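Dock chain S against the given chain W, drawing on the hints supplied.
First to last, the sequence lines map onto chains W and S. Number 43 in the working numbering belongs to position 43 of the first sequence; there are no gaps in the numbering. Number 1039 in the working numbering belongs to position 39 of the second sequence; there are no gaps in the numbering.
Just so you know, the hints here were simulated from the structure itself, not pulled from any lab data. Quick caveat, the model's predicted, so the values are computed rather than measured. Some clues are possibly wrong.
[Claimed, not checked] Here are the computed lysine-lysine pairs in the DSS-like style, where the Cα-Cα straight-line distance is at most 27 Å:
| hint | chain 1 | residue 1 | chain 2 | residue 2 |
| --- | --- | --- | --- | --- |
| 1 | S | K1192 | S | K1039 |
| 2 | W | K52 | S | K1268 |
| 3 | S | K1071 | W | K102 |
| 4 | W | K80 | S | K1020 |
| 5 | S | K1032 | S | K1309 |
[To be verified] Short, incomplete list of chain W residues facing chain S, as computed with Cβ under 10 Å:
| hint | residue |
| --- | --- |
| 6 | R10 |
| 7 | T57 |
| 8 | L64 |
All C-beta atoms in this analysis are idealised placements derived from N, C-alpha and C, irrespective of residue type, glycine included.
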Amino acid sequence: MNILFVGPYRQEDEWGRKSRAILQALQKTDHSVTARPLFLTENLVYNAYMEKAEFVTNDEYDILIQFTLQPHVVYDGNVKKRIGIFNTETLPHEIARGHLTKELLMDEIWVDSPQLETAVYNTIQNYNPNIKVRAIPPLLDITNLPAQAGGSLIAGDPDLKDRFIFYYIGNLLEEKSGFKETFLAYMTSFTHKDAVALLCASEVAGNQNDLENIVGQCQAAVGNFRNSNERPLFKVVGGQGGGMHVGERVALHCDGNCMVSPHYSIATNSIVLEAAMYQSTPIVNKGNASYEWWGEENLWGVDSYEELCLTLQRPVPYRFTAGELWHKPIIKSLQKVMKDVYINKFERDKKIAANAKLRSDFETACLNVEEDSQ
Amino acid sequence: MIPVNNVLRSVYRINDTDGKFNVLSMCRNNEKYLGLLCKTPHNFYILPDHPWNVLIEQVPDNLSVLSLHSKPLDCIICYDRAEQYREAQSLAHRFHIPIILVDMCSENLIRPQHLLEGIHAANISLLYRHPDLRICNSNHIQNSWNKDSVSIVIPMGIDTDIFHSVPENEPIIALDNNISAQLGAEVARRLKEYSIIATDHDQSQPKALNRSRYFINTNQTVTVKLLEAMASENVVIAMRNPDTESFIDHEQTGILINNLDDIGPTIKHLEESQNLRVEISQNARKKILNDHSIEKFVNKWSSAFSFLKSNFYTPHR
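Chain W with its partners taken away, still in its complex shape:
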């Protein structure tokens, strides 16, 4: 079969990482895959790698896969089957038909987890029961992820010597990123006497003042729970010159002991998958897709609760509205898990052993596509 894949695989962000992972998994099948890049952002870091799928040409295409935001999707009558991947991060709850017009143009929709598969299918089937929804397992492009880090972000820092390193990588200013919860749980779980540190790295270029404001707000929210000189060690690392590049990320995965990512999103996050591959046993919400696939064998699960998606940070109209649900972490549960991670070496070692198998899983993962047109 001839597959035409359109997605933002040349972007150096989560959309790009997921897009490359899917493209690679498609290329491991027997299908002929042609690819064209999309760009969803104005301020992008362009990944100029050589993509062989851009040189593949066919007279006709059987399947078109569009990995993009819903408003950009088009109906293509030249192909037998149209697949949409929208990086669905929330559970549909009460979405009006008018807001699903682009989904309804597809023959198949791919989502990150069985929970999302059920929720999206239940919503879509009211309008078109012929549209299939498929859960795809965690995929990761490991091309630029060496087995060993090329350097360290903490080697020269005596403050961090012999400490257990929790770390957080993400967009610190984004509400759904779970950074506030991470910081609050850490600050209330440990003291200066514990040999721990929380390192925080912003994935995107950000303003130092904004970060200081968030940290200040969190410390104020904690109240006079503990003297300021009794607080556990917290540091911001990496991202010199704006944003974190892949080398720094790998270094932090290798330097750290446990990545904390209680993101509200249901979808898998490539950085969490990376962290697990580097055996850093990530902490995630139990509602997250990666936990649904891998469970306690590979990850530490935090109890979370379904909440209406109420936010002012909305990337596209009609999405991330109160008609959807996301999973907010319970900070008390996150506290407990962080303490457990620090103390329970036996459990940690079991997860590290399970994490060690993931690289070969990612290497061989392939996504088979069936032609069954409507």
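Below, chain S alone, put in the same frame as chain W:
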């Protein structure tokens, strides 16, 4: 506008039996060149913000204003590194289409457009652009710029059936109709004893250039109108600079002057030397017939579009 359509088009056009490209073109005083481009069998679109000026050229049948109902686009063409490229680049980004830059002049003359203008770029390297394809009007222009991107020389094409001499007894002097009043006055002040006419505003017959004996090139560069004047056996009088020198052989195919004050004495001299004037005007037409046929222009542009068949948008351009 949804760029995915244009992205899909970049895949499908390779096997498109129709063979027609859907080309978005900048249009800011580029009606003449775009009118020539519309002689290729492709579909051309211009932006609603920069409407077609019918005083310069009539709207070709295969040109329309870009709208939501337009076909998926294949590429965008711009004609000026200094003043259009950024906008074209931003449109290329918005529509996910490759960009073609048509170089109308050499590096030395990138900004001074007409005879009274003296602006030069402070840092010319800022104008070293990296389009997907560069089209140059001449080898001289091609060689003057950096060679980072693929380039093709396509001399402008002139319809010599439309532009041909219809001699008149009096020495009529033609001026480009698309010039400022100040520039027109400066030229006219030096040619009080002659009758001056403007080039045509529309498809009127006969063409003003067919009636005129001289054409004063009010631009510093070699323009479509200059070529039309040569086809009409006008003696073209142009300011001496690297671009005009590379195109006009002084006293062979035209006249090169050093400043505006040379215009009057030059025309007086030619009026007194009829043999020289006739020889120059006939050589000028021969040059256009040999090097600037519409057929060659159309064929070369077809090759240029073929080059882009498998090309698609990349944002680092």
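Holds or violated: are the alpha carbons of K1071/S and K102/W at most 27 Å from each other? 20 Å, holds
Minimum Cβ distance from T57/W to chain S below 10 Å? Given a least distance of 6 Å, the restraint on T57/W holds.
Given the hint that K1032/S pairs with K1309/S, test it: the Cα-Cα distance must not exceed 27 Å. 26 Å, holds
With a cut-off of 10 Å on the beta carbons, see whether L64/W makes it to chain S. 8 Å, holds
What's the verdict on K52/W and K1268/S, does the C-alpha distance respect the 27 Å limit or exceed it? Violated. K52/W to K1268/S sits at ~67 Å, over the 27 Å cutoff.
Interface restraint verdict for R10/W against chain S (beta-carbon cut-off 10 Å): It holds, given that the least Cβ distance between R10/W and chain S is near 8 Å, below 10 Å.
For the pair supplied as a hint, K1192/S and K1039/S, confirm whether the alpha-carbon distance does not exceed 27 Å. Cα-Cα ~39 Å, so violated.
Verify the proposed pairing of K80/W with K1020/S, using a straight-line Cα cut of 27 Å. Since the Cα atoms of K80/W and K1020/S sit roughly 25 Å apart, the hinted pair holds (cutoff 27 Å).
When each numbered hint is compared with the structure, violations occur for hints 1, 2.
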